[in-house]
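Listed here are the chains, written in short residue letters.
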Amino acid sequence: DTEVTQTPKHLVMGMTNKKSLKCEQHMGHRAMYWYKQKAKKPPELMFVYSYEKLSINESVPSRFSPECPNSSLLNLHLHALQPEDSALYLCASSRKEGGAGGYTFGSGTRLTVV
Amino acid sequence: GQQLNQSPQSMFIQEGEDVSMNCTSSSIFNTWLWYKQEPGEGPVLLIALYKAGELTSNGRLTAQFGITRKDSFLNISASIPSDVGIYFCAGLQETSGSRLTFGEGTQLTVNP
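Same order as they appear, the protein sequences are chains G and Y.
Here the first sequence stands for residues 2 to 115, where the numbers follow the numbering used here.
Here the second sequence stands for residues 234 to 345, where the numbers follow the numbering used here.
There's no promise every hint is true.
Unchecked claim - Computed footprint of chain G on chain Y; a stretch qualifies when at least three of its residues, placed anywhere within it, have a C-beta under 8 Å from a C-beta of chain G:
1. 246 to 253
2. 319 to 326
To be verified - If you want the ones that stay clear, here's a sample from chain G, every Cβ over 12 Å from chain Y, calculated:
3. L46
4. S51
5. Q83
FYI, nobody ran anything at the bench for these hints, they're computed from the structure.
Note that CB positions come from ideal geometry on N, CA and C, so glycine has one too.
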């Protein structure tokens, strides 16, 4: 298995809703990442988990809450989002933090906040 | 943060033509990665480069890690319509930990 699987593929949520994005990989990678991507722009790093511990939080607002239940799973909990949070949310993984072997990205969750 | 200057920003070419794009920086990078992203999908790793001067091919794609460690290029030979997408370079620096620095991307359009 050489994939990073993200669910759901599309999500529409109101500003008062609570939802979660899920990411799963079975490549034995010990670093997992959340990125946010706006149209026609490069991905922007949000969070890094290394060996299930939060390693980097790029000053992301608290309405985004990451969780790494085990080495294969990464969640992003969403609450009280704003319309400007609408974007493609990408999960990625690598063998270790630092990207040796490159980062493998999932297909993303297209989030629309209404 | 550190910027990667990726050029060109967009390219419109005819099927069968060769393509060249590059990324430059004022700082040294330890790793260069080239990704392709199609609409509605995540970036897909095309080539990874780890040593200065390294030249690596993947089918019709060839990429090189610049000898100064401050640049990298990607060439696509004999383009085909399915090469359409946005190509991103990305680099890793010793001082940035796991923070990938991305270029702004090159939008490639291939006319049949």
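Going down the list of hints, with the structure as the test:
no., hint, verdict
1, 246 to 253, "violated (count 0)"
2, 319 to 326, "holds (count 4)"
3, L46, "violated (6 Å)"
4, S51, "violated (8 Å)"
5, Q83, "holds (23 Å)"
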